[in-house]
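*Asks:* The lines below spell out each chain.
2 protein chains.
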Amino acid sequence: MAAVQARGLYQFDGDASNGEISFLADEILTIVRQDIGEGWWEARKETGEQGLIPETYVELLSIPEPQFPPPPPPNFPVDLPVQTPTYNNVNHGDGQTEDWDDEWDDDDDQSSNSTAKQSYNNNNEPQGTGNFGLSAPKRERKQISPTSDMSKYGTVKSSFNRFSHFVKLGGDAYIMGQVNHEVRETDLIKIIETNDGPEWTPLQSPYTCTVSSPKKESKMKGLKSFITYHLTPSFSNIQVSRRYKHFDWLHERLVEKFICIPIPALPDKQISGRYEEDFIQERMRMLQQWIDRMVRHPVIAHSDVMLHFLTCTNDKKWKEGKRKAEKDPYLAGKFFLCLQTPPHSCDMKAVEAQMEVFCRFVMNMNENCKSIIAINNDFSKKHMGPFKREFQKIGHSYKNLSTTFALEEGAYSLQLTKAIDFMGDSYCSIGDMFEKQPPKDLFPLIESLSEYRGILQTYPDVLKVHEGAVGKTKDCLKLQEEGKMTDGEVQNVMQRADTISFGTLAEMHNFHHERVKDYKDMMQNYLKSQIEFYKQITSKLEASLAMFDNA
Amino acid sequence: MAAVQARGLYQFDGDASNGEISFLADEILTIVRQDIGEGWWEARKETGEQGLIPETYVELLSIPEPQFPPPPPPNFPVDLPVQTPTYNNVNHGDGQTEDWDDEWDDDDDQSSNSTAKQSYNNNNEPQGTGNFGLSAPKRERKQISPTSDMSKYGTVKSSFNRFSHFVKLGGDAYIMGQVNHEVRETDLIKIIETNDGPEWTPLQSPYTCTVSSPKKESKMKGLKSFITYHLTPSFSNIQVSRRYKHFDWLHERLVEKFICIPIPALPDKQISGRYEEDFIQERMRMLQQWIDRMVRHPVIAHSDVMLHFLTCTNDKKWKEGKRKAEKDPYLAGKFFLCLQTPPHSCDMKAVEAQMEVFCRFVMNMNENCKSIIAINNDFSKKHMGPFKREFQKIGHSYKNLSTTFALEEGAYSLQLTKAIDFMGDSYCSIGDMFEKQPPKDLFPLIESLSEYRGILQTYPDVLKVHEGAVGKTKDCLKLQEEGKMTDGEVQNVMQRADTISFGTLAEMHNFHHERVKDYKDMMQNYLKSQIEFYKQITSKLEASLAMFDNA
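Those protein sequence lines, which keep their order, are chains S and H. Residue numbering for the first sequence follows the UniProt record's numbering, beginning at 1 and increasing consecutively. Residue numbering for the second sequence follows the UniProt record's numbering, beginning at 1 and increasing consecutively.
Worth flagging that the hints you see were computed from the coordinates, not collected in a lab. Among these hints, one or two may not hold up.
Below, computed lysine-lysine pairings styled on BS3-like, alpha-carbon distance capped at 25 Å [what the hints assert, rightly or not]: (1) S:Lys-245 x S:Lys-317; (2) H:Lys-436 x S:Lys-520; (3) H:Lys-517 x S:Lys-381; (4) H:Lys-316 x H:Lys-327; (5) S:Lys-393 x H:Lys-382; (6) H:Lys-528 x S:Lys-399; (7) H:Lys-517 x S:Lys-399; (8) H:Lys-316 x S:Lys-440; (9) S:Lys-535 x H:Lys-484; (10) H:Lys-535 x S:Lys-370; (11) S:Lys-381 x H:Lys-399; (12) S:Lys-382 x H:Lys-436; (13) H:Lys-528 x S:Lys-388; (14) H:Lys-535 x S:Lys-382.
FRET-style restraints, in silico, Cβ to Cβ [unchecked claim]: (15) H:Gln-50 x S:Asp-13: 43 to 51 Å; (16) H:Ala-543 x S:Asp-292: 29 to 37 Å; (17) H:Val-32 x S:Asp-521: 23 to 31 Å; (18) H:Gln-50 x S:Ala-3: 23 to 31 Å; (19) S:Ala-3 x H:Asp-13: 51 to 59 Å; (20) S:Pro-444 x H:Gly-410: 23 to 31 Å; (21) S:Tyr-207 x H:Ser-539: 57 to 65 Å.
All of these numbers come straight from a predicted model, not from anything done at the bench. C-beta atoms are modelled at their ideal positions from N, C-alpha and C, and glycine is treated no differently.
The whole structure should be built from the sequences, with the hints applied where relevant.
*Replies:* Written out as structure tokens, the structure reads:
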């Protein structure tokens with residue numbers, strides 16, 4: 001693949017803290033990535049410095065074959081209102097009876113059947129298998145570009161439309177009391193006050209759910225194939241069959257409804273090789289990971305839509321539940337109607353400060369995870385390539401020496417020759433150990449960190465909702481000063497803003513608790529395996545030493 | 001330094017097993033080394049293939065500044081007779097009393113004051129310090145070139161003049177009985193017969209000798225400076241002062257006399273930086289290593305010249321002993337006169353076969369050592385560079401993560417943050433450990449192996465003597481068949497050839513015994529240190545794990 005070169009059309013002074021690089025008019029740059037989106041490319045200067053550049057500031061000098069999917073068109077509707085479900089066939093016939101979920105498109109992976117999804121999941125590009133059986137690092141939209149979601153917390157260029165986002169999700173309507181209808185007792189979600197702040201009521205009856213037995217099935221005389229997974233929730237122990245597109249549907253419902261809860265993306269879609277055993281097993285593991293997190297969540301685990309997904313075995317009931325979930329009266333902004341908050345108000349300034357720290361936390365943690373993943377990905381590759389070869393090279397050099405030493409057959413020499421041969425074997429097998437180690441610890445570590453990145457990347461949307469609420473409240477306070485809103489009206493607005501704060505803080509604490517638990521587990525598992533690894537190396541060497549001691 | 005390029009004048013079909021590469025007329029090669037000697041250069045083809053080429057087959061395209069000492073001139077007398085000492089001033093005045101050894105040239109390192117030395121020591125080129133305080137791999141004459149010493153055992157091109165070598169060293173004169181004078185009882189060296197074959201009589205009173213306290217001294221009002229070392233033999237405990245040139249003199253005497261014993265080269269000469277502390281300490285260590293090996297040798301340890309070197313403290317006696325050693329009646333070929341062999345004859349065919357295996361042993365072991373040194377040199381550099389950086393990069397990535405986690409100050413999160421910080425520190429210090437490890441085990445290993453290469457490289461000369469004797473004997477048997485030699489004459493020749501065989505076999509066994517002991521020590525020390533290293537890594541990781549367990 002030839003390098004793509006570009007010439008600067010104008011001078012550009014990049015913001016280094018934002019990952020941008022500066023260049024002069026007429027400067028030649030090598031374009032490294034064109035798939036970042038939103039008008040940004042990644043480029044490398046002749047000095048080796050690499051970073052983001054605005055694509056309109058340069059002209060390409062050579063056009064290679066496309067190596068990445070093209071960026072979305074400029075007017076791509078990033079924030080389409082979620083209240084407009086666009087499933088093509090959503091109201092199609094009950095008359096079609098061949099397959100109870102035939103109404104959905106069968107190509108699980110080939111195309112997104114809803115453009116609305118794009119606003120939630122920027123991670124659904126195809127990916128390769130390879131990479132030692134690990135998912136390739138997700139080719140996400142680079143979040144640091146000026147208008148992207150993540151950047152606003154880190155840069156001053158925050159020109160994003162937080163209010164429009166807030167408005168579109170129905171946050172505005174909620175906070176202004178325009179959607180104030182009655183909530184059934186069973187739909188109420190209680191937030192409790194703890195020493196650490198507001199928290200979701202802990203799960204009363206926690207459960208688990210296994211994803212297993214992926215199976216290739218087909219219909220229409222084999223013209224259409226798909227993979228089904230068996231899901232078995234621990235509370236019922238009744239197995240249900242689900243396809244990837246069902247997970248996709250569930251994911252969309254969760255994102256749509258739980259406006260203040262970050263819902264991690266599903267494992268990536270895949271165009272080719274999606275019926276290969278490795279890929280299927282890998283996807284199953286990723287779906288298991290996703291389901292694990294969802295059923296651990298105190299709000300999501302017992303939500304109607306989740307339970308419907310995990311339990312429904314009947315075609316007709318599935319359709320009913322599906323429609324019910326899509327018409328849920330408490331979607332998005334209206335979700336806050338369900339929150340039963342502690343009976344006091346929030347200190348808006350304090351919460352704002354707290355959220356600012358949390359925004360920084362999320363942004364930094366995302367960067368930290370990214371860099372730990374990159375470093376350990378690299379470390380894995382080194383284990384499986386150079387480190388392995390290094391030890392095997394050493395091993396072979398001793399094996400060769402022992403072959404030479406075997407030319408002298410004197411009894412006084414024999415044991416040494418054997419010991420050196422043994423040492424050669426030991427080093428070779430240490431080389432093998434290096435190759436086999438990453439799947440035991442580095443890959444799981446990378447996988448866990450990648451899962452966290454998935455969560456962290458969905459957080460900005462969640463935080464924008466709270467920011468929108470704060471902004472709206474301030475607007476109302478101004479209107480109150482100007483006499484355009486009554487004290488009572490503003491009081492109500494602030495109460496509802498508090499509800500949004502409580503929900504956001506409860507989820508923030510949930511995130512932190514999960515994080516502490518997950519990172520502890522993650523690191524313990526990783527370290528235990530590393531300790532075992534170095535102990536094994538040590539014992540290989542000790543066995544070699546014993547041979548020499550006896551020589 | 002610009003690369004030296006050469007163009008092929010004629011096609012050359014190299015013998016790959018001999019390290020040669022093939023090339024076409026007009027092919028462009030990069031010349032990598034010109035100091036290999038004997039008409040060979042090392043070159044690299046455009047394909048990256050690298051090996052030896054005959055210099056007369058190419059013409060240089062660019063002449064860079066010399067980076068190596070030029071190869072010896074074509075008629076360089078490689079096999080100057082050792083019986084012609086060429087020390088310039090060897091008979092100079094007793095009248096000069098300023099310094100008892102003033103008669104020698106003061107520039108220890110600047111030039112070899114005897115061309116004869118070249119025939120024994122091909123390793124005396126200057127070397128750099130650097131290289132982590134290790135000696136640079138010795139820039140020896142590449143032994144695999146067709147006419148060099150080592151090649152004859154490995155290739156069919158053995159056009160070397162083994163007989164002329166044999167003749168020049170006086171082997172011919174000895175075997176033909178032309179030097180058959182009486183040997184004093186005290187000069188006799190007894191070879192005993194053991195289960196493993198002929199061996200030198202073991203050392204009756206083994207001793208050691210320490211080399212210490214290098215000190216810069218000067219004379220001629222500071223115009224001439226030199227370093228003296230203190231030598232203290234354990235049998236006398238009386239300290240003597242010696243300079244490098246005294247070692248050099250001793251080395252030359254040993255090479256000259258002990259024709260069937262490989263005498264390793266001294267540490268390399270050095271032109272610049274030879275008064276720097278690091279260099280002096282390093283040289284002292286190398287001299288200690290050299291002396292250690294010499295005083296362990298059953299024949300050399302109690303030789304007159306050795307004892308003179310280790311004990312003489314008196315100017316006048318030194319000079320006497322020096323002249324005596326230089327006029328030793330049992331030098332080179334005449335050394336065999338001193339051997340008192342077992343009272344039976346040798347099976348010439350069996351010994352020949354044995355020596356052929358040993359030749360292969362020496363050649364292969366030399367190659368093995370070379371490759372183990374190269375691999376471990378590279379491994380050391382990786383420890384001190386990439387491996388260190390790898391672990392530190394990991395360490396810093398965790399340190400950064402803990403900085404982010406510290407943004408959340410909840411008590412439930414604090415211990416995790418601390419544990420991650422601790423883990424970051426642990427990985428950084430593992431990085432440091434990688435940097436500090438090679439001086440503890442890899443460097444000593446490389447040093448020991450390098451010492452062995454020094455011995456192995458002097459072996460071909462020793463083996464040529466035996467080969468010469470075998471050849472001579474065969475000539476005599478032919479003459480006997482042709483009636484040109486009497487049975488009695490041939491009998492005597494064969495007896496003396498047996499003496500050479502006994503001496504060569506005794507030394508071969510001595511070599512093997514030393515080798516077995518040395519390699520055992522070497523590997524034990526290396527493995528012990530490696531085990532310690534991996535245990536330390538393990539305990540660092542265990543300490544990290546404990547932090548998480550308590551989090």
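*Asks:* Checking one constraint from the list: CA of Lys-528 (chain H) to CA of Lys-388 (chain S), max 25 Å. Satisfied?
*Replies:* The hint holds at about 22 Å.
*Asks:* A range of 43 to 51 Å was offered for this pair. Does it hold for the Cβ distance of Gln-50 (chain H) and Asp-13 (chain S)?
*Replies:* 48 Å Cβ-Cβ, so the 43 to 51 Å window holds.
*Asks:* Starting from the hint 29 to 37 Å, judge whether the C-beta atoms of Ala-543 (chain H) and Asp-292 (chain S) obey it.
*Replies:* Roughly 30 Å apart at Cβ, these two residues keep to the hinted range, so it holds.
*Asks:* Take a quick look at whether Lys-245 (chain S) and Lys-317 (chain S) sit within 25 Å of each other, Cα to Cα.
*Replies:* Status holds; Cα separation ~18 Å.
*Asks:* Compare the distance between the alpha carbons of Lys-381 (chain S) and Lys-399 (chain H) with 25 Å, and conclude whether the hinted pair is satisfied.
*Replies:* holds (23 Å)
*Asks:* So the hint says 23 to 31 Å: do the beta-carbon atoms of Pro-444 (chain S) and Gly-410 (chain H) match that?
*Replies:* With a Cβ separation near 27 Å, Pro-444 (chain S) and Gly-410 (chain H) satisfy 23 to 31 Å, so the hint holds.
*Asks:* Assuming the hint says 23 to 31 Å, is it satisfied by the Cβ distance from Val-32 (chain H) to Asp-521 (chain S) or not?
*Replies:* violated (54 Å)
*Asks:* Are Lys-535 (chain H) and Lys-382 (chain S) close enough, with their CA atoms no more than 25 Å apart?
*Replies:* holds (22 Å)
*Asks:* Within 25 Å, alpha carbon to alpha carbon, are Lys-436 (chain H) and Lys-520 (chain S)?
*Replies:* violated (31 Å)
*Asks:* Straight-line Cα separation of Lys-316 (chain H) and Lys-440 (chain S) no greater than 25 Å?
*Replies:* Violated: Lys-316 (chain H) and Lys-440 (chain S) sit about 74 Å apart, past 25 Å.
*Asks:* Starting from Lys-316 (chain H), check that the Cα of Lys-327 (chain H) is at most 25 Å away, please.
*Replies:* holds (17 Å)
*Asks:* Return holds or violated for the Cβ distance of Tyr-207 (chain S) and Ser-539 (chain H) against the range 57 to 65 Å.
*Replies:* violated (41 Å)
Comparing the model with each earlier hint shows violations of hints 2, 3, 8, 9, 10, 17, 19 and 21; every other hint is respected.
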